[in-house]
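Undergrad: So you can see what is in the structure, the chains are spelled out below.
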Amino acid sequence: MSKISIIAGREFNERVRKKSFIITTILMPVFFVGLIVVMALMMNFQQEEEKQITVLDKSGMVAPKLQNSGDLIFSTSESSFEELTAEKQDDLYGILVIGENVIENPKNVQFYTYESSTINIEKSITDQIENILEEEKLKSYNIENLPQILAEIETPVSMQVSQITETGETKAVSNMVNIAIAYLFGLMIYMVVFLYGNMVMQGVIEEKSNKVLEVMVSSVKPFQLMMGKILGIAAVAVLQFVIWVVFIVGVGGALMNVFAGDMIEAAAAMQSGMPMDMTNMAMDADMASVINTITDPGYLIRIFGGFLIFFIGGYLLYSAMFAAVGSAVDNEKDTQNLQLPISIPLILALVVMVNAMQDPNGQLAFWFSMIPFTSPVVMMARLPYGVPDWQLWLSIVLLFITFVGMVWLAGKIYRVGIFMYGKKPTLKELIKWSRYKV
Amino acid sequence: MELLKVENVSKSFAKHKALDDVSLSIPRGSVYGLLGPNGAGKTTLIRIINRITAPDSGTIYLNGKPLQPEDVTRIGYLPEERGLYKNMKVGEQALYFAQLKGLSRRDATARLKKWFTHFGIQGWWDKKVTELSKGMAQKVQFIVTILHEPELLIFDEPFSGFDPINANLLKEEIMKLRDNGATVIFSTHNMASVEEVCDHITLINKSKNILSGKVDEIRHAHGNNIFEVDFRGSREELTAALTDKCTLLESNDENSVYNSLKIHIPDDGGVKSIISLINDTVEIRSFHEVIPSMNDIFIKAVAGQL
Chain D
1 MSKISIIAGR
11 EFNERVRKKS
21 FIITTILMPV
31 FFVGLIVVMA
41 LMMNFQQEEE
51 KQITVLDKSG
61 MVAPKLQNSG
71 DLIFSTSESS
81 FEELTAEKQD
91 DLYGILVIGE
101 NVIENPKNVQ
111 FYTYESSTIN
121 IEKSITDQIE
131 NILEEEKLKS
141 YNIENLPQIL
151 AEIETPVSMQ
161 VSQITETGET
171 KAVSNMVNIA
181 IAYLFGLMIY
191 MVVFLYGNMV
201 MQGVIEEKSN
211 KVLEVMVSSV
221 KPFQLMMGKI
231 LGIAAVAVLQ
241 FVIWVVFIVG
251 VGGALMNVFA
261 GDMIEAAAAM
271 QSGMPMDMTN
281 MAMDADMASV
291 INTITDPGYL
301 IRIFGGFLIF
311 FIGGYLLYSA
321 MFAAVGSAVD
331 NEKDTQNLQL
341 PISIPLILAL
351 VVMVNAMQDP
361 NGQLAFWFSM
371 IPFTSPVVMM
381 ARLPYGVPDW
391 QLWLSIVLLF
401 ITFVGMVWLA
411 GKIYRVGIFM
421 YGKKPTLKEL
431 IKWSRYKV
Chain Y
439 MELLKVENVS
449 KSFAKHKALD
459 DVSLSIPRGS
469 VYGLLGPNGA
479 GKTTLIRIIN
489 RITAPDSGTI
499 YLNGKPLQPE
509 DVTRIGYLPE
519 ERGLYKNMKV
529 GEQALYFAQL
539 KGLSRRDATA
549 RLKKWFTHFG
559 IQGWWDKKVT
569 ELSKGMAQKV
579 QFIVTILHEP
589 ELLIFDEPFS
599 GFDPINANLL
609 KEEIMKLRDN
619 GATVIFSTHN
629 MASVEEVCDH
639 ITLINKSKNI
649 LSGKVDEIRH
659 AHGNNIFEVD
669 FRGSREELTA
679 ALTDKCTLLE
689 SNDENSVYNS
699 LKIHIPDDGG
709 VKSIISLIND
719 TVEIRSFHEV
729 IPSMNDIFIK
739 AVAGQL
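Chains as they are written, first to last, in this note's numbering: chain D, 1 to 438; chain Y, 439 to 744.
Incorrect hints may appear among the rest.
What the hints assert, rightly or not - The calculated PhoX-like cross-link candidates involving lysine-lysine, where the alpha carbons are at most 25 Å apart (straight line), are:
1. Y:Lys527 / D:Lys19
2. D:Lys19 / Y:Lys443
3. Y:Lys443 / D:Lys221
Claimed, not checked - Now the in silico label distances, taken between C-beta atoms and shown as ranges:
4. Y:Thr511 / D:Val16: 27 to 33 Å
5. D:Leu300 / Y:His556: 57 to 63 Å
6. D:Val30 / Y:Thr547: 36 to 42 Å
No lab work stands behind these hints: they were computed from the structure. Just so it is clear, the structure is predicted and the values come from calculations on it, not from any experiment. The C-beta atom is built at its ideal place from N, Cα and C for all residues, glycine as well.
Make a model of the complete structure from these sequences and hints.
TA: Here's what the structure looks like:
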């Protein structure tokens, strides 16, 4: 048995037997489910404070038709702007001033607020004003039965989105599911890379402060030590991931059978082109595409397989950096400034991920899903929407090449770092260490 | 025949020189003391021998051949800073280290059981290291160091943290290992233990080898021609007889029947004639040269007075 596998074996055994492993393995899915429930609840029961807006309408056309929408409450006033602003009224959010000639000059609208306004509020107001003005303009054409005509021509469109597969079949896709999966898995990669990377770092610090390293290095090379630790913890992570997948698929499957049995049938019916009950059409079309998406084996393999590959790659890359940082310090308190260069690309990846979910094939998403330091998170966000094979493979190859390079560099820092005591090194020093001949 | 040879080894760190052209040669089957004050460069030398760090210049030979990476499995190293995983069970941990040294799991288990029985610590197998005292943990570490029966053993301050009984036990084990053919390098400041167990020493001070050789020879070479005589008879008569021939250094309690006297005999003073002079005056119980202790030699050498 090689020394790396002996070391990895110890790391694995020690960690898997710990109570904390069993607890996180059980609690993580519960935590995630809880998080989703809380987020859903927050969206449903979002109750914001009412925002009082006083309208000074010099044209007299707009104010009467402004409707309170959501949390915006409009009230008209005859006072002048100066009178209104002379003294701040309690719970007044803002003042909307509409010019006399607003029909001819729609730019003559001002909105003054006491707090900073938001894009949503601004859009809600301009939308309303636009509608009112358009209606006024329509009226000026003196068309007969105008309200009736308008009511008749109103046509809400519901589009069912399908993707054409390589074999020429069409499959309903749900962007709702895609966004959820992209978000969930991207976030999960970010979290587990941090979690397990930190585990590597703490392990190295523990060995250094226990002086175990002094004993070990006479029988193994520092590089073997580092790789053994990284691989052992990777095995722990994979085991944990497999348990989670089994849990999710098991619980999800059971729930689906209980609550959504007929929906799956409906989805299957739609897939095969059979006509569906028209009354349920609108609602079921959405639901059916959701179910079609998450029960498609190809889709699931792509997501879970991709997650596993990018998680392992991302973990290996970052854990090598975490190991180098751990080797350089005497205790955890000293790690903060050295952790910064590790955290920045990860946080950047998270920012780009949000963008990538909206534009999965855009330039930004493409480049950041190629750069190895951000690709695990960003590629996870693109994967549900489908990524060309060459991009996927290029990204994976780049990730693993960078990992090898990083391990080599981290190994050099590690070798020097584990025997440096009582110093709080800077990043510059770490890079210098990598050039030491030891 | 030497087992290990260190030839002109130098090593510098960023700000200071840890080893400056150090050479030494360690005979096979000896217990070799590596002495020196704190920060002299002993640990650096040991790390170079262990291939933990590489020298800037110079070579290490094992059995006449330059030291190879695989050779570390022939070395057992007990570092000064003892280190064990605190939350791991003693037996598992010992097995782990033994496997890293290249022993199979079965071999390692059998040998460990034997040693644990020998040291009377069978009951510790399933204990965690945190439950052990410092001395107990060091026993475990000692076993782990010697378990793979290496040719060369390196002990850095092996007795620190041991009570006298266990220190003796350890000393006996080290002598037994030597008798079975192992060569031992022994780094310490404890000069009493050096006199007891070491055959050869090297004294390193300020990165340089300032004194090397057999312990007996070094001590005799640094004798200052001081002799001690134990006698029965009249102190006054003896001192009167010797006053012209040599320098009287000190004498003990004057009321005792048995007296002793320390004298310094000049190089050309003629020890023989002085003995016969003493013999004529008083009854000699013993007469011997006072050999300086390693402690005296160490302090003088480090202070630059040799």
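Undergrad: Which numbered hints are broken by the structure, listed smallest first?
TA: Hint 2 contradicted; others consistent.
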